[in-house]
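Here UniProt numbering is used: the first residue of the sequence shown is 1, the next is one more, and so on.
Simulated DEER-style distance windows between Cβ atoms: (1) L13 to L50: 18 to 28 Å; (2) R15 to R36: 15 to 25 Å; (3) A16 to T46: 25 to 35 Å; (4) L43 to R15: 23 to 33 Å; (5) R15 to S42: 19 to 29 Å; (6) P48 to N28: 26 to 36 Å; (7) P19 to S57: 40 to 50 Å.
Keep in mind that the hints were calculated from the coordinates and are not lab data.
As the structure is a prediction and not an experimental result, all values here were calculated from the model.
C-beta: ideal position from N, C-alpha, C; glycine also.
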Amino acid sequence: MLHNPLGGPSSELDRAMFPEKPADAVNNPVLRDGVRTMLTKSLDKTLPALLQRPSPSR
Numbered sequence: 001m002l003h004n005p006l007g008g009p010s011s012e013l014d015r016a017m018f019p020e021k022p023a024d025a026v027n028n029p030v031l032r033d034g035v036r037t038m039l040t041k042s043l044d045k046t047l048p049a050l051l052q053r054p055s056p057s058r
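Could you build the full structure based on these sequences and the hints that come with them?
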């Protein structure tokens, strides 16, 4: 895991994860699972704080 000043997780990605053609990304389980893992870690870290914030008054 790398430090990301925006607060979300980031990690170095192996270029081999990415398919040659963008259309092949849909069927790439390594890329899909890597994105899911990063998204899950990001939501686990950021959602609790966001949900505790009071809503802005209008």
